[in-house]
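K.L.:
Residues per chain are reported as follows:
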Amino acid sequence: MDMNRNEYIKYSKRHSKKSPVIADCAKAFFVGGFLCACAEALSMLFLSLGIDGNTAKSLVPITFIFLAGLLTGIGIFDDIARFAGAGTLVPITGFANSIVASAIDDKSEGFILGVGAKMFTVAGPVIVYGTLSSVIYGVIYWLAGVIF
Amino acid sequence: MSIIKLSHAPSIISGASVVGKKEYDGPLGTDFDIHDNDSTFGMDTWEKSESEMQRLAVNTSLAKAKLSPSDIEVIFAGDLMNQCTGSAYGALGFAKPYFGIYGACSTFAEGLAIASMMLGAGYYKKCAVVTSSHFCSAERQFRFPIEYGGQRPPTSQRTVTGAGAVILSLDGAGPFICDVMPGIPIDMGISDANNMGAAMAPAAINTFKRYFDETNTSPSDYDLILTGDLGMEGHSILCEIMGTKGYDMSKNYNDCGLMIYNCKTQDVHSGGSGCGCSATVFSSLILKKLLRHELNNVLFAATGALMSPDSIKQGMSIPGIAHLIHIKNERI
Chain E
-12 MDMNRNEYIK YSKRHSKKSP VIADCAKAFF VGGFLCACAE ALSMLFLSLG
38 IDGNTAKSLV PITFIFLAGL LTGIGIFDDI ARFAGAGTLV PITGFANSIV
88 ASAIDDKSEG FILGVGAKMF TVAGPVIVYG TLSSVIYGVI YWLAGVIF
Chain H
815 MSIIKLSHAP SIISGASVVG KKEYDGPLGT DFDIHDNDST FGMDTWEKSE
865 SEMQRLAVNT SLAKAKLSPS DIEVIFAGDL MNQCTGSAYG ALGFAKPYFG
915 IYGACSTFAE GLAIASMMLG AGYYKKCAVV TSSHFCSAER QFRFPIEYGG
965 QRPPTSQRTV TGAGAVILSL DGAGPFICDV MPGIPIDMGI SDANNMGAAM
1015 APAAINTFKR YFDETNTSPS DYDLILTGDL GMEGHSILCE IMGTKGYDMS
1065 KNYNDCGLMI YNCKTQDVHS GGSGCGCSAT VFSSLILKKL LRHELNNVLF
1115 AATGALMSPD SIKQGMSIPG IAHLIHIKNE RI
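Protein chains in written order, with the numbering used here: chain E, -12 to 135; chain H, 815 to 1146.
Chain H with its partners taken away, still in its complex shape (with noise of 0.2 Å):
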C-alpha cells in the first residue's frame, strides 16, 4: 500500500494567498486575499517580490487563524528558484524552524504532505505550509528575459504569480487532510519545455489510478478532483486516459491552472503553471469552499515537471509527478 493513512489526521484551519495584477484580473481575483498591481511587493528585484509574497501569505493565513508566528512550530516551504531561496528569505523572519522543499509546481501538494505526515506522527502540533512561484523570476531563471520579444507555443504555460499559504494543526475543526499518496516519478519522454502538461500528465494518471484503485473507490466518491497545472492539455489528455481505464473524471474534475486564468482572454495560452498556482488555488477558492462546507470530500493532487533549464538544453525528457492529497470535513 502506498498510501499514507493518518489515524491524527492535521486539520487546515486557514489560509491565504498573494497575488500578481494578472492573477487578480482572472475568475477568481477576488477570492485572493492580498494583490499588488505592479507585481513587486514593494521590492527591489522579483526574487525579493517571491519571498515577500511567501511571508505575507504565512503572516495573513495566521491572523486569519487569530494566531501570532510563536503559535506554529515549523514552517515548510518550497519555489521554483535555485536553492529555493525564495522561501528560505520568506521564512527567516519568522525565526522557527524551516524545512525547504522542492518539487517543482507540485510543490504545495508535497508540502502537505510531509507536513500532515509530520503532524500525525506527533512531532509537532501546528505548522504552516506555504510555496510560491512568481512570473518574473521564473523566467529569468527557466526562460528568456522578461522584456524579450518572443513568441510562445500555444501549449505553453504562464507562471503564476503567487503565494499560497496554509496553517495546519492537530486540534482544529476540519476540513482534515485524511490521508496522502507521494507520487512517484514518471518520464514518458517529452522533452519540450513548452509543453509541460503533456509531461506531467502520466504522472498523474499514475498516482489517481493508484489511488482508485488501492481505496476501491471511483471520481464519482468525490466533490472534487483538482490537478495542480496540467493546463489545457494534460487536462484533457489526463481525461481522456483515464476515461479509457474506466475513470470517468468528466464531471467533477478541475485543473488550478485552468480556473486562476481566463485562458480565451488573458493571453496565457494553455493556463497557469508554477507551484503558487495550486497554492493560491487551494488557499482561496477551494479552502473556502471546504470550510463552507460547499465541498466536504476533495482529491488534491498538485502536479510538478521536474526539470532544470540545463537539463533541457541536454535534451533529457522531463519526469513528472503528482502528490495527492485527500481532504475532507470529517474524521475518518
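Pulled out of the complex, with its shape left as it was, chain E reads as follows (with noise of 0.2 Å):
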C-alpha cells in the first residue's frame, strides 16, 4: 500500500456508501411522531373509560411496552425497526424490544446466566446512566430551589 492509516481511513471513506440520513430522519420522525399520537389517543381512551389521570399516564407506556415486547416475540418489530430507525428506537418501544430481544436469545443458556444475567446487556446502559442523569437532574433542581 502506498497510503499511510491516515490516508486509507480518508480513502475508504469516500469509498464507503452512506446512510440515506434525511430519507432515515423523514421516517423516523413520521414513525415516531405517529407512535406519539396513538399514545396521546390511548390516553384518551383511558381517560374516557373513567380512569384517573395519573394511573392513565402510567398504563400508556405499560402497553407500549406490552404491544413491543409481542411484536418482538412473534418476530416482527425487527422489520418495522429496520424501516423505522431512531422512529421505534427512541420511544419506550425500543427499550422493551432491547430486553425483550435479549431475553429471547439468551434463554438458551438457561434461566439463571442467560435470561437473568444478559437480558439487560443492550438496555443495562440506559438504565444506569438514565438513573444517573435523574439523580443530577434532581440535585441541580434541588439545588436550584435552595438558591432562587
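Be careful, since some hints might not be right.
To be verified - Computed cross-link-like contacts, BS3-like style, restricted to lysine-lysine with a CA-CA straight-line distance of at most 25 Å:
id, chain 1, residue 1, chain 2, residue 2
1, H, K1059, H, K1023
2, H, K819, H, K1023
3, H, K1078, E, K94
4, E, K0, H, K1023
5, H, K880, H, K1059
6, H, K878, H, K910
7, H, K1023, E, K(-3)
8, H, K1142, H, K819
9, H, K1023, H, K1142
10, H, K878, H, K939
11, H, K835, H, K1078
12, H, K862, E, K94
13, H, K1023, H, K878
14, E, K0, H, K1127
15, H, K1059, E, K(-3)
16, H, K1059, H, K878
17, E, K105, H, K835
18, H, K939, E, K5
19, H, K939, E, K4
20, E, K5, H, K1127
21, H, K1078, E, K0
22, H, K1103, H, K1142
23, H, K835, E, K(-3)
24, E, K0, H, K1059
25, H, K862, E, K4
Said to hold, decoys possible - Reference excerpt, derived from the structure (chain H facing chain E, CB under 7 Å, subset only):
id, residue
26, T859
27, L881
28, R954
29, Q955
30, F956
31, Q965
32, P967
33, I998
34, P999
35, A1012
36, P1016
37, S1050
38, I1051
Simulated from the structure, these hints should not be mistaken for lab results.
All C-beta atoms in this analysis are idealised placements derived from N, C-alpha and C, irrespective of residue type, glycine included.
Mind assembling these two chains? They're in different frames, but the hints should get you there.
P.N.:
Here you go:
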C-alpha cells in the first residue's frame, strides 16, 4: 500500500456508501410522531373510560411496552424498526424490544446465566445512565430551589 | 519466496454446501446441496445448528466421493464462534483426528492451505476441510440479539448461514491445489466493524500483489480471481488500488460475498460475510465449474477480519488477512 493509515482511512470513507440520513430522519420523524399520536389517543381512551389521569399516564407506556414485547416475540418488531430506525428505537418501544430480544436470545443459556444475567446487556447502559442523569437533574433542581 | 509450491498437489475430489433460507433464496440457491427453511437444521440452539451444518457438509461431500468417514484421516475445521465450538461439536461424530482453525472469514482458505501442505508433505493422504458460519450465532456473539430492532449502515455485511466442505486427496484427478500463499495480517487503521470490506481489502491487495510479483503473472493469466467476502466496498477498493498498481482486476475478478446474495433485493447491504460465505460458494458453484472444466485456473483468496467484540469495544483497529490458494485442473 502506498498510503499511510490516515490516508487509507480517508480514502476508504470516500469509497463507503453513506446512510441515507435525510430519508432515515424523515422515516424516524413520521413513525415516531405516529407512535406519539397513538400514545395520546390511548391516553384519551383511558381517560374516557373513567381512569384517573395519573393511572392513565402509567397505562400508556405499559401498553407500549407490552405491544413492543409482543411484536418482538413474534418476530415483527425488527422488521418495523429496520424501516423506522430511531422512530421505534427512541420511544419506550426500543427499550422494551432490547430487553425482550435479549431475553429470547439468551434463553439457550438457561434462566439464571442466560436470561437473568444477559437480559439487560443492551438496555443496561440506558438504565445506569438514565438513573445517574435523573440523580444529577434532581440535585440541580434541588439546588435551584434552595438558591432561588 | 512466500509461495509454497506443492510438488505433490492434492486434488479436490468432492465438495458439498449446506445453507440457510436466505442463501437458498439467493442467486446460487440451486447450486447448494442442502438447505433448511428455518435455518435451525432441527436443533434447539443456533450453535448446535452450526455444528449440524458442518456435519451435513462433511457427510455429503464424503457421499459424493463415494467414501465413508473411515476413509478420511483428519478433519480441518473452523468457524466464527468462541473457541471454535461449532467445528469441535461438528467433528465429534466422525471420531477422526481434528484440527480446529481460526482465521475469521478467511478460515476456509486457511484450512485448504494447511490441509494441502499436510497432504503435500505426505503426512496424510485424504482429509476433509470444512468451515461454517451462522447468521444467528454470529449476531449473538458479535452484534445484537437477533430480534433487536436496529438499523445497519450500508457498508455492513450479512453473515452467511452455511457450511462448505471439501475432500482433499493425494490420488484424485483434479482440480489440484498447486500452490498456496499464506496471508500477512495487515492493519490499515479501520476500526468500524460495520465496514469490514475496507478493513480486509489491504490484506487482499497485499496477498495478490505479492503473488503476481513472485509468479510474474498478471490477473489476465487466470480464468477467475475470487475473494471471500470483501463485499461492495472491499471489492471496489481492491479493483481501484490494484488498478493503480498496474493490475487490471476488472475482467475476471469476483467476490463470494457479492455472489451469494442479490444485494439489491435481499436487504444484505454490502453483501455476505463469514467463513461460511467463501466455503459455500467455493464448494458449490466454483467447484462444479472446476470439475466441468469451465474453469481451469483459479486464484482463491478468502479474506478475514481478525477482530473480536472486545477488541472493537476497546477501540482497536481491525487487522485483515487473505490466504491465497491457486487451483488448476492440471498438475504443474
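K.L.:
Evaluate each hint against the coordinates.
P.N.:
Quick rundown of the hints versus the structure:
1. Distance check on the hinted pair: K1059(H) and K1023(H) sit about 9 Å apart at the alpha-carbon level, within 25 Å; holds.
2. For the given pair, K819(H) sits about 17 Å from K1023(H) by alpha-carbon distance, which is consistent with the 25 Å threshold.
3. Of the pairs offered as hints, the one joining K1078(H) and K94(E) is violated, with about 34 Å between alpha carbons and a cut-off of 25 Å exceeded.
4. The hinted pair formed by K0(E) and K1023(H) meets the criterion: a straight-line CA distance of about 23 Å does not exceed 25 Å.
5. Simply put, K880(H) and K1059(H) have alpha-carbon atoms about 46 Å apart, too far for the 25 Å limit, and the pair is violated.
6. Proposed proximity of K878(H) and K910(H) is supported: the alpha carbons are some 19 Å apart, at most 25 Å.
7. A C-alpha spacing of about 22 Å is found between K1023(H) and K(-3)(E), which places the hinted pair at or below 25 Å, so the restraint holds.
8. Between K1142(H) and K819(H), the direct Cα distance comes to roughly 13 Å. Compliance with the 25 Å bound is thereby established for this hinted pair.
9. Distance restraint check for K1023(H) and K1142(H): the Cα-Cα separation of roughly 20 Å lies within the 25 Å cut-off, and the hinted pair is therefore satisfied.
10. Between the alpha carbons of K878(H) and K939(H) the distance comes to roughly 18 Å, so the proposed pair stays at or under 25 Å and holds.
11. Between K835(H) and K1078(H) the alpha-carbon distance is near 17 Å, which keeps this suggested pair within the 25 Å criterion.
12. Distance check on the hinted pair: K862(H) and K94(E) sit about 14 Å apart at the alpha-carbon level, within 25 Å; holds.
13. Distance restraint check for K1023(H) and K878(H): the Cα-Cα separation of roughly 36 Å exceeds the 25 Å cut-off, and the hinted pair is therefore not satisfied.
14. This hinted pair checks out: K0(E) and K1127(H) have alpha carbons roughly 20 Å apart, not beyond 25 Å.
15. With a CA separation close to 19 Å, the supplied pair K1059(H) and K(-3)(E) stays within the 25 Å bound.
16. Among the hinted pairs, K1059(H) with K878(H) is inconsistent with the structure: their alpha-carbon atoms are about 42 Å apart, more than 25 Å.
17. At most 25 Å may separate the alpha-carbon atoms for a hinted pair to count; K105(E) and K835(H) exceed this at roughly 28 Å.
18. Between K939(H) and K5(E), the direct Cα distance comes to roughly 50 Å. Violation of the 25 Å bound is thereby established for this hinted pair.
19. Distance check on the hinted pair: K939(H) and K4(E) sit about 47 Å apart at the alpha-carbon level, beyond 25 Å; violated.
20. Our distance criterion of 25 Å between C-alpha atoms is met by K5(E) and K1127(H), whose separation comes to about 22 Å.
21. Annotation: proposed proximity of K1078(H) to K0(E) holds, straight-line Cα distance about 21 Å (limit 25 Å).
22. With a C-alpha separation of about 12 Å, the suggested pair K1103(H) and K1142(H) falls inside the 25 Å cut-off, and the hint holds.
23. In summary, the hint linking K835(H) to K(-3)(E) is not supported, as the alpha carbons are separated by about 37 Å, beyond the 25 Å threshold.
24. Only pairs whose Cα atoms come within 25 Å are accepted, and K0(E) paired with K1059(H) is accepted, the gap being roughly 21 Å.
25. Only pairs whose Cα atoms come within 25 Å are accepted, and K862(H) paired with K4(E) is rejected, the gap being roughly 35 Å.
26. Hint on T859(H) holds. Least Cβ distance to chain E is approximately 4 Å, under the 7 Å limit.
27. Interface hint status for L881(H): violated, as the beta-carbon distance to the closest one in chain E is roughly 34 Å, over 7 Å.
28. Checking R954(H) against chain E: minimum C-beta separation of about 6 Å stays under 7 Å; hint holds.
29. Because the beta carbon of Q955(H) sits about 11 Å from the nearest beta carbon in chain E, more than 7 Å, this interface hint is broken.
30. Violation of the interface hint for F956(H) is found here, the shortest Cβ-Cβ separation to chain E being roughly 13 Å, above the 7 Å cut-off.
31. A hinted interface residue such as Q965(H) counts as satisfied when its beta carbon comes closer than 7 Å to some beta carbon of chain E; here the least separation is about 5 Å, so the hint holds.
32. For P967(H), the interface hint holds, the least distance from its beta-carbon to any beta-carbon of chain E being 5 Å, beneath 7 Å.
33. Look at I998(H): its Cβ only gets to about 12 Å from chain E, farther than 7 Å, so that hint breaks.
34. The beta carbon of P999(H) is not positioned within 7 Å of any beta carbon in chain E (closest approach about 13 Å), and the interface hint is therefore violated.
35. Proximity of A1012(H) to chain E holds as hinted, the smallest CB-CB distance being about 4 Å (cut-off 7 Å).
36. Restraint check, P1016(H) versus chain E: the minimum CB separation of about 5 Å is within 7 Å; hint holds.
37. For S1050(H), the suggested interface contact is upheld, since its CB lies about 6 Å from the closest CB of chain E, less than 7 Å.
38. Hint status for I1051(H): holds, given a least beta-carbon distance of 5 Å to chain E, under 7 Å.
The structure is inconsistent with the numbered hints 3, 5, 13, 16, 17, 18, 19, 23, 25, 27, 29, 30, 33 and 34, although it conforms to all the rest.
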